[in-house]
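Residue numbers (the numbering used here), protein chains in the order written: chain A, 1 to 590; chain B, 1001 to 1590.
Simulated from the structure, these hints should not be mistaken for laboratory data.
Wrong hints could be hidden among the right ones.
[To be verified] Pairs of lysine-lysine residues, derived as DSS-like cross-links and limited to a Cα-Cα distance of at most 25 Å, are as follows: (1) A:Lys225 x B:Lys1034; (2) B:Lys1210 x A:Lys34; (3) B:Lys1046 x A:Lys322; (4) B:Lys1224 x A:Lys225; (5) A:Lys225 x B:Lys1327; (6) B:Lys1034 x A:Lys322; (7) A:Lys46 x B:Lys1225; (8) A:Lys211 x B:Lys1034; (9) A:Lys353 x A:Lys381; (10) A:Lys224 x A:Lys46; (11) A:Lys46 x B:Lys1381; (12) B:Lys1224 x B:Lys1046; (13) B:Lys1379 x B:Lys1353; (14) A:Lys210 x B:Lys1034; (15) A:Lys328 x B:Lys1224; (16) B:Lys1225 x A:Lys225; (17) A:Lys327 x B:Lys1224; (18) B:Lys1225 x A:Lys327.
Protein chains: 2
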Amino acid sequence: MSTTPAKKKGRSAASGGRKKRAYRPATAEEMAGKQREISVSEFFTKNRHLLGFDNPRKALLTTVKEAVDNALDACEEAGILPHISVAIHRVSDLNGSRADAPERVEDMPLFGMPAARTNGAGVDDDEDEVPGRRKGATAAPERYLVAVEDNGPGIVREQVARIFGKLLYGSKFHRLRQSRGQQGIGISAAGMYGQLTTGKPVRIWSRISKKKPAHFIEMHMDLKKNTPEVTRDEECEWNREYETGTRVEIELEAKYQRGARSVDDYLLQTALANPHVTIRYRDPDGNEHPIDRAVKDLPEPSREIQPHPYGVELGMLIQMMKSTSAKKLKAFLSRDFSRVSSRTAGRICEKAKLSPTAWISRIAREEADRLHRALVEVKIKNPPTDCVAPIGEAAVRAALERERPGAFVHAVTRAPSVYRGNPFVVEAGIAWGGEGVAADQLATLYRFANRVPLLYQQSACAVSKAVLSCPWRNYGVDQSRGALPSGPLLVFVHLASVWVPFTSESKEAIAHYPEILKDIRLAVMDCGRQLGLHLSRQRRLVDAQKKKDYIAAYLPHIVVALTEILDLDEKAQKKATNDLTDLLERARGI
Amino acid sequence: MSTTPAKKKGRSAASGGRKKRAYRPATAEEMAGKQREISVSEFFTKNRHLLGFDNPRKALLTTVKEAVDNALDACEEAGILPHISVAIHRVSDLNGSRADAPERVEDMPLFGMPAARTNGAGVDDDEDEVPGRRKGATAAPERYLVAVEDNGPGIVREQVARIFGKLLYGSKFHRLRQSRGQQGIGISAAGMYGQLTTGKPVRIWSRISKKKPAHFIEMHMDLKKNTPEVTRDEECEWNREYETGTRVEIELEAKYQRGARSVDDYLLQTALANPHVTIRYRDPDGNEHPIDRAVKDLPEPSREIQPHPYGVELGMLIQMMKSTSAKKLKAFLSRDFSRVSSRTAGRICEKAKLSPTAWISRIAREEADRLHRALVEVKIKNPPTDCVAPIGEAAVRAALERERPGAFVHAVTRAPSVYRGNPFVVEAGIAWGGEGVAADQLATLYRFANRVPLLYQQSACAVSKAVLSCPWRNYGVDQSRGALPSGPLLVFVHLASVWVPFTSESKEAIAHYPEILKDIRLAVMDCGRQLGLHLSRQRRLVDAQKKKDYIAAYLPHIVVALTEILDLDEKAQKKATNDLTDLLERARGI
Chain A
1 MSTTPAKKKG RSAASGGRKK RAYRPATAEE MAGKQREISV SEFFTKNRHL LGFDNPRKAL
61 LTTVKEAVDN ALDACEEAGI LPHISVAIHR VSDLNGSRAD APERVEDMPL FGMPAARTNG
121 AGVDDDEDEV PGRRKGATAA PERYLVAVED NGPGIVREQV ARIFGKLLYG SKFHRLRQSR
181 GQQGIGISAA GMYGQLTTGK PVRIWSRISK KKPAHFIEMH MDLKKNTPEV TRDEECEWNR
241 EYETGTRVEI ELEAKYQRGA RSVDDYLLQT ALANPHVTIR YRDPDGNEHP IDRAVKDLPE
301 PSREIQPHPY GVELGMLIQM MKSTSAKKLK AFLSRDFSRV SSRTAGRICE KAKLSPTAWI
361 SRIAREEADR LHRALVEVKI KNPPTDCVAP IGEAAVRAAL ERERPGAFVH AVTRAPSVYR
421 GNPFVVEAGI AWGGEGVAAD QLATLYRFAN RVPLLYQQSA CAVSKAVLSC PWRNYGVDQS
481 RGALPSGPLL VFVHLASVWV PFTSESKEAI AHYPEILKDI RLAVMDCGRQ LGLHLSRQRR
541 LVDAQKKKDY IAAYLPHIVV ALTEILDLDE KAQKKATNDL TDLLERARGI
Chain B
1001 MSTTPAKKKG RSAASGGRKK RAYRPATAEE MAGKQREISV SEFFTKNRHL LGFDNPRKAL
1061 LTTVKEAVDN ALDACEEAGI LPHISVAIHR VSDLNGSRAD APERVEDMPL FGMPAARTNG
1121 AGVDDDEDEV PGRRKGATAA PERYLVAVED NGPGIVREQV ARIFGKLLYG SKFHRLRQSR
1181 GQQGIGISAA GMYGQLTTGK PVRIWSRISK KKPAHFIEMH MDLKKNTPEV TRDEECEWNR
1241 EYETGTRVEI ELEAKYQRGA RSVDDYLLQT ALANPHVTIR YRDPDGNEHP IDRAVKDLPE
1301 PSREIQPHPY GVELGMLIQM MKSTSAKKLK AFLSRDFSRV SSRTAGRICE KAKLSPTAWI
1361 SRIAREEADR LHRALVEVKI KNPPTDCVAP IGEAAVRAAL ERERPGAFVH AVTRAPSVYR
1421 GNPFVVEAGI AWGGEGVAAD QLATLYRFAN RVPLLYQQSA CAVSKAVLSC PWRNYGVDQS
1481 RGALPSGPLL VFVHLASVWV PFTSESKEAI AHYPEILKDI RLAVMDCGRQ LGLHLSRQRR
1541 LVDAQKKKDY IAAYLPHIVV ALTEILDLDE KAQKKATNDL TDLLERARGI
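Go ahead and model the full structure; you've got the sequences and the hints to work with.
Written as structure tokens, this is what we have:
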């Protein structure tokens, strides 16, 4: 923190303006003396907006999100139907009850807290606040206590501190399998932010089996070393209806607000994309929002896979050869890659002009280069799709119909694709019109990645980029340059992948990989075309009705005129009317 | 990479569709077995788009950018007028000359390479490519050799490997001072990307004094451990006109394209914001682009400062108290903070009800909380401004006038502000019209952070957010909802700060901190108001001219009529004309 010598301080505090400063340039040796290693926690403390903690309102959402995502992942991995409780308390409402530090879970009932206030703050429909534009945006943040509890498998005692107190630690990074978490950063970052803003520790209760006692752990983080500092580690009671589970409590400076991009919004959208989840949510004003599961089956479990040869880069291939347990080339290829059968491995060796029984450890860099080129030259099946679990067209359609009753709805689940060796599936849905939806607005965009709603950074997201680039005018929808299409339109996009490339560690937006952009674009265009057909059919119907009305209005007069001129009898008159109607309607193509 | 047991592989490769899978849920113990630490280099290998390597075109730009930014920082810190050489070679053009591995700099002349091709690829005006929209977007990337050389102070031999081969290592992270680099990631990431895509090492030549020999180092990176692996480390010759300097060469898969967001564009914009820099640039087609410095003075060196009390959070305060060299409270406050005099420190202690001579090590968490609250209650001067070096209103205006000759131009440098204790200065400039600028387009936005042009992620940037939120219609400029204003408009925004909060490690966009958003908005609005005055003045002039023309056209007829009715003589006629003209023009307010 203080590399400048202390004697300089007095002067620096005093000198105000832009006076001439005594400045001595640095030499290479002096610069070398300042070079230091930077710990991950130091890095993210300074760059905490990368983790989703740029402002107090977002900090609250991110904290809840990380805890809930972890809970859902753990439940699904253990094959347990998730039951998640989320409670947010204003610390000023708690009357020191946390200061008493009850270590038994039942001392902190989730839904027994006194509700002090009933009126929440106003709705903020802006993505991020621009101060000076709305009042109260700079109000001092309050302190909140966030408690998230699940009925998952629990966490073994030895791992708790590292999982919650060490950035870049986890089980999901080193495997290729669809899950919500993937970096081993999120929940530790939430605890770190809590500690930074309130100085309070993170508290965890967990039980992994009914045969074993539950345990309670309280800890701080050493921000210079990126290590947890456990201050309490005790057995505790577990008075819950479920046998196993985890509860985490984090106190932080935050701001609670309803409306778009709120915790309420996030939990509702989570339920939309995860119909198998039951959520009990108590907001800071004491309102309870129970969301019951709509289906009783867990989603198909997604399988772990090996990397696909098409997405592996030379450097990665060399790294894989260094760490493989295989001894010979062919075995390595067929064992460490997805979709490489023994026969395919043989063909790859042939293309690379390498012996299938070559020792991996003896393969030179030049040969690795040949091998890498051969990997993409041999035709290999697309990666297996059971490592990703899309929501499904029917479910997306149903979700949209529930969201926009009476709207025109269409949904598409595309075939799996690959980017950098990672399989992914894009799903898109579209809803147009519906009851009470204003027509003079920009389209609403719902973005999901691995069933997690993405609420922030919409404009930075590949989804927005792709949606903006669709030829909306071709589908009969207005679009200003550089803006979303306008009209009573809702666009829903879900990306499911074994590795979602987010634009930052806060996982708010999807990076612009060409393969992903392309698939999203194609999926949305598919929906757009259906919308176009629907709209032009609607227009044709309206036109036709108009013409029919014209004919109905004027034909009798023509017939009267004909009757007078030709002196027709009643029967001939009727026949003429029918013939003329037929003729005109046929001519008009009705 | 391979946590799934090997025996599963055969089956996984074979099973194709969505058959019923044998799936056994995991227990807490099994999950614990999979928990692992993730190294920073593993993390960024998988998330390399966070570092600006999402696609081959951007990879080329990012590599040049990181090397040039480092070169400029080093030169300025050492008080040397920067002379930067950048050369990009297609590896296919090099005819194996790199394979011979010349370790002396003169063996790789910067401007002596044979130019093989002369026609570059077309201009791409899109921020990121959306495949399927333009042809050739998926063409296989070529290999390029990027060489960047400076006349800076050089790097001492022991530090070279760590600076170029270790992520999160550097001198700029742990100090508060304006510099281009700040994270200790950039150049190592470029080397890592090169190694990943080509398997080739990074090569560095450097000399730190004419009394010492230059040295040559070649190295790979261990991506699992985040450590450099030096393969060659030798003394070498230094045949350069400057005594000290550094040269780095990285080979990587990339794509060279001219136009917006190209290396060419980046170097031109860099010269715009750094008029003291001389750049020699040779593009892959062999074209040389010399840019000579416009001024012969280095910018005022920016000073290193201590954190300002207003931006320090509780957790950070506790961390600072842990690591301070001060023993007593008052000494700690006045030594480790910016703008805290001994008297101010006393007042803070008083507010916090703590003794000025309290031992730092004995201050309890509860007392730290009181101290933290007292910090913001005491009035403290804004941080010193000489730690940030804005470009200056005159220089911004001059740059805009050079860029848009004949345009209406206005520029504003705001007073320094603070976000989270970090001083920053926002500068904005605006240019309207000018020769040959099309009027029917969206505004162009130039963004700079610490004099570095930001070329990507425009829509994710706080600058865009702030510019979009300005009331452009009030200034007489059209703006569609959710889009940039339209017209022959150029908006220039520069943020100078001791710590620029970027939205990702690739440093492409500024995060949405409320204080920063507010200052950008105010600066741009200031320019906008001037534009509004200019435009309404223009409109008034046009209107007035129109009215003047009316009067000139009709008055004579009125006078003729009057002459006839009143029978005026010539003199009276002339007087009537003048009086009427006066009267009408005064009434019209001309």
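Are the Cα positions of Lys1034 of chain B and Lys322 of chain A separated by 25 Å at most? With Cα atoms ~21 Å apart, Lys1034 of chain B and Lys322 of chain A stay inside 25 Å; holds.
Taken at face value, is the distance from the CA of Lys1034 of chain B to the CA of Lys225 of chain A at most 25 Å? 23 Å, holds
Are the Cα atoms of Lys353 of chain A and Lys381 of chain A separated by 25 Å or less? 22 Å, holds
Within a Cα-Cα threshold of 25 Å, do Lys225 of chain A and Lys1327 of chain B meet the stated pairing? Status holds; Cα separation ~23 Å.
Straight-line Cα separation of Lys211 of chain A and Lys1034 of chain B no greater than 25 Å? Cα-Cα ~23 Å, so holds.
Given the hint that Lys46 of chain A pairs with Lys1381 of chain B, does the C-alpha gap stay at or below 25 Å? 23 Å, holds
Take a quick look at whether Lys1225 of chain B and Lys327 of chain A sit within 25 Å of each other, Cα to Cα. Judged against 25 Å, a Cα distance of about 23 Å means the pair holds.
For the pair supplied as a hint, Lys1225 of chain B and Lys225 of chain A, confirm whether the alpha-carbon distance does not exceed 25 Å. With a Cα-Cα distance of about 17 Å, the restraint between Lys1225 of chain B and Lys225 of chain A holds, given a limit of 25 Å.
Given hint Lys322 of chain A paired with Lys1046 of chain B - CA-CA distance at most 25 Å: The hint holds at about 17 Å.
For the pair supplied as a hint, Lys1224 of chain B and Lys225 of chain A, confirm whether the alpha-carbon distance does not exceed 25 Å. 19 Å, holds
Taking only the CA atoms, is the gap from Lys1210 of chain B to Lys34 of chain A under or equal to 25 Å? Holds, at about 22 Å.
Run the distance test for Lys327 of chain A versus Lys1224 of chain B: straight-line Cα separation, threshold 25 Å. 20 Å, holds
In summary, the structure agrees with every hint in the numbered list given earlier.
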